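> Sequence:
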Amino acid sequence: MTVKGKKPISWKWVTIAIIALAVVSGTILALYQANPSEPIPPKEIIIKYTYTTMDSISSWKAEAGKTLLVVNMTIENHGYDSFYLDPLNFEAVVDGVVYKHSIITHFLDDVGYIPMQPVYLLNEGKVVCAIAFEISKGYQSISLRHMWALQYNIKWVSA
105 MTVKGKKPIS WKWVTIAIIA LAVVSGTILA LYQANPSEPI PPKEIIIKYT YTTMDSISSW
165 KAEAGKTLLV VNMTIENHGY DSFYLDPLNF EAVVDGVVYK HSIITHFLDD VGYIPMQPVY
225 LLNEGKVVCA IAFEISKGYQ SISLRHMWAL QYNIKWVSA
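Residue numbering for the sequence shown follows our numbering, starting at 105 and increasing by one per position.
Just so you know, these hints were derived from the structure itself, not from any lab.
Possibly wrong hints are sitting among the right ones.
[To be verified] The list that follows gives simulated cross-link-like pairs (lysine-lysine, DSS-like), each with its CA atoms no further than 27 Å apart:
1. 204 - 170
2. 259 - 204
3. 241 - 152
4. 259 - 152
5. 152 - 170
6. 204 - 165
7. 152 - 204
8. 147 - 170
9. 147 - 259
10. 230 - 259
11. 170 - 230
12. 204 - 230
13. 230 - 152
14. 241 - 165
15. 230 - 147
Since this is a predicted model, take the numbers as computed values, not measurements.
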């Protein structure tokens, strides 16, 4: 093929370029298939917990008709850059009523627990801590929740 005033296209070089491109792309594809990337594990926060109730902690006593719910937790971060822990972000749902943490949380070390402190839990980090709630006596059901649950994949595990 020629255009007036231009040199003809050398089909030999076009053919060589196509073959070279095919070889390179075939090699890349073969390398990818030979070493597929590992599946990415899901990001999740795992919270293993146990709970107990007490009528008093140190010099603190529960109000009449109430008890102190103490939740001991092991919290693990798997995949998130960080997860912010703060007692203000945890709630206990007891018989359909939401309870915020109690100030008594800060005195749990008096009875052998590690009070939850505001910290950033980094990826692959793990922390053991406890939080207290003052709830009504005679409850039927208890569940826990974190206020940022929609932003994290939180897996609650009753230990």
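> Confirm or reject each hint.
Evaluated hints:
Under the criterion of a C-alpha separation no larger than 27 Å, the hint pairing residue 204 with residue 170 is consistent with the structure, at around 14 Å. Distance check on the hinted pair: residue 259 and residue 204 sit about 20 Å apart at the alpha-carbon level, within 27 Å; holds. The suggested pairing of residue 241 with residue 152 holds, with an alpha-carbon distance near 24 Å, which does not exceed 27 Å. About 8 Å separates the Cα atoms of residue 259 and residue 152, which keeps this hinted pair within 27 Å; it holds.
With a C-alpha separation of about 25 Å, the suggested pairing of residue 152 with residue 170 holds against the 27 Å cut-off. Proximity of residue 204 to residue 165 is assessed by CA-CA distance (about 17 Å); at most 27 Å being required, the pair is judged to hold. Of the supplied pair hints, the one linking residue 152 and residue 204 holds, its CA atoms being roughly 19 Å apart against a limit of 27 Å. Only pairs whose Cα atoms come within 27 Å are accepted, and residue 147 paired with residue 170 is rejected, the gap being roughly 38 Å.
Proposed proximity of residue 147 and residue 259 is supported: the alpha carbons are some 10 Å apart, at most 27 Å. As the CA atoms of residue 230 and residue 259 are separated by approximately 14 Å, the hinted pair is consistent with the 27 Å bound. Among the hinted pairs, residue 170 with residue 230 is inconsistent with the structure: their alpha-carbon atoms are about 32 Å apart, more than 27 Å. Distance restraint check for residue 204 and residue 230: the Cα-Cα separation of roughly 23 Å lies within the 27 Å cut-off, and the hinted pair is therefore satisfied.
Taking the CA atoms of residue 230 and residue 152, the gap is near 11 Å; set against the 27 Å cutoff, the hint holds. Distance restraint check for residue 241 and residue 165: the Cα-Cα separation of roughly 13 Å lies within the 27 Å cut-off, and the hinted pair is therefore satisfied. Of the pairs offered as hints, the one joining residue 230 and residue 147 holds, with about 14 Å between alpha carbons and a cut-off of 27 Å not exceeded.
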